[in-house]
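S.K.: What follows is each chain in one-letter form.
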Amino acid sequence: MKFPDFVCFKAVIPQLSATDRDGVIVELVTSLDKARKLGRGNREKITQAIIKREKEASTGIGKGVAVPHAKHPAIKNMVAVVGLNSGGIDFSSLDKQPVYSVILLVSPVDEPDKHLQAMENIFKHLQNEKFRKFLRQCQTSEQIEDLLREADENPSL
Amino acid sequence: MRMQTGHDSLEKVACETTVEIKNADGLHMRPAMQFVDVASRFVSDITVSNNENTVDGKSIMQMSMLAASCGTRLKIKAEGPDAQEALNVLRELVEDKHFDEPTPKEKKTQ
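Protein chains in written order, with numbering that gives the first Met the number 0: chain A, 0 to 156; chain B, 0 to 109.
Next comes chain B alone, as it looks inside the complex:
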């Protein structure tokens, strides 16, 4: 384990991006769980921040605490060997797939 730590620190990459919550109901528990599931596939450390708090992107309890409503912008930070890939996939989940939930516009026409 000790050797691995040294090795990891050499190739540690840190990246961050800002995403906007697009689904009408915001980051409630089900989307938060989806986020945690996806984030947990990566070895990189992942944190998510709103204006007040920075939380562990792999903890459902902490992610549910963000209470990010539709339109909220969140900063996602990843640090580790697969950091960039993690950010790409998480951005896709939040912004392109909007957690497989309707956007406000889609909700109105339902």
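Next comes chain A alone, as it looks inside the complex:
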């Protein structure tokens, strides 16, 4: 699975205003909601599901990236969004370092394999140091979209 198959480019936020974990989750879910990707009236439920999941174990897995996510019965189609904060976000990361790039993913409950395939693509790229560096440096939505598309085309970047 490739980024354009599940990332809503219209909703990406190149400079998040929030600097804390929950604030960033609210901002990104709200952006997906505005892009009409969540279905009516689901914004709050999904925000809470992602925060709850985050409290169980941080998805800030180190190296400046976090992948908050949740499966939710109200979600019909899997969708992800990217948000950046050059100042750093306190995400209670495993390595205790700030997070600069966030990829937030919401999935339906009944398609676990699709969720896994999206995660596979996300982590394949996040593992790449160059990709992480380029992502962090993006300043506009267009740059983020170009980078994600190009990373899929050319995995070595």
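By construction, these hints were calculated from the structure, which means they are not laboratory data.
Heads up, a few of these hints could be off.
[To be verified] Under the rule of at most 27 Å between Cα atoms (straight-line distance), these lysine-lysine pairs were calculated in the BS3-like manner:
no.	chain 1	residue 1	chain 2	residue 2
1	B	Lys57	A	Lys1
2	A	Lys132	B	Lys11
3	A	Lys95	A	Lys9
4	B	Lys104	A	Lys75
5	A	Lys95	B	Lys57
6	B	Lys74	A	Lys113
[What the hints assert, rightly or not] Some but not every residue of chain A turned toward chain B, in silico, with C-beta under 7 Å:
no.	residue
7	Gly38
8	Asn41
9	Glu53
10	Asp112
11	Leu115
12	Phe122
13	Lys123
14	Asn127
15	Leu146
[Claimed, not checked] To give a feel for the contact side, a few chain B residues facing chain A, derived at Cβ under 10 Å:
no.	residue
16	Ala13
17	Asp24
18	His27
19	Met28
20	Arg29
21	Ala31
22	Met60
23	Gln61
24	Pro80
Glycine residues also receive a C-beta, built at the ideal position from the N, C-alpha and C atoms.
Given the coordinates of chain A, work out where chain B should sit on it, guided by the hints.
M.R.: Coordinates of chain B only, in the frame set by chain A:
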């Protein structure tokens, strides 16, 4: 450190086993973290392979990349003084405890 390297290589044991993912949701991030937590308790090097990739069993980023769905078979390889014990415990986690998550059958009856 130098002496230790020589010593270790003498008693280095390499073992491998194949396990099958049993929980319905597969190896998503939470189970991957459990796996990494358990693997990290051992000094042995631990790698995990599907058909395409071989990854470090102690790295959450690499383990999440495997995207192993329910029914997928993974090869776990351990190398070091506690290799056999590591494999036993990891097999138990994946196959017997199935990461404390429901199997497809259990999920249906929930």
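S.K.: So, for every hint listed, does it hold in this structure?
M.R.: Comparing the hints with the structure gives:
no.: 1; hint: B:Lys57 <-> A:Lys1; in the structure: holds, 26 Å
no.: 2; hint: A:Lys132 <-> B:Lys11; in the structure: violated, 38 Å
no.: 3; hint: A:Lys95 <-> A:Lys9; in the structure: violated, 31 Å
no.: 4; hint: B:Lys104 <-> A:Lys75; in the structure: holds, 23 Å
no.: 5; hint: A:Lys95 <-> B:Lys57; in the structure: holds, 18 Å
no.: 6; hint: B:Lys74 <-> A:Lys113; in the structure: holds, 22 Å
no.: 7; hint: Gly38; in the structure: violated, 22 Å
no.: 8; hint: Asn41; in the structure: violated, 21 Å
no.: 9; hint: Glu53; in the structure: violated, 11 Å
no.: 10; hint: Asp112; in the structure: holds, 5 Å
no.: 11; hint: Leu115; in the structure: holds, 4 Å
no.: 12; hint: Phe122; in the structure: holds, 4 Å
no.: 13; hint: Lys123; in the structure: holds, 5 Å
no.: 14; hint: Asn127; in the structure: violated, 10 Å
no.: 15; hint: Leu146; in the structure: violated, 18 Å
no.: 16; hint: Ala13; in the structure: violated, 25 Å
no.: 17; hint: Asp24; in the structure: holds, 4 Å
no.: 18; hint: His27; in the structure: holds, 6 Å
no.: 19; hint: Met28; in the structure: holds, 7 Å
no.: 20; hint: Arg29; in the structure: holds, 7 Å
no.: 21; hint: Ala31; in the structure: holds, 9 Å
no.: 22; hint: Met60; in the structure: holds, 5 Å
no.: 23; hint: Gln61; in the structure: holds, 7 Å
no.: 24; hint: Pro80; in the structure: violated, 26 Å
Checked against the numbered hints above, the structure breaks hints 2, 3, 7, 8, 9, 14, 15, 16 and 24 and satisfies the rest.
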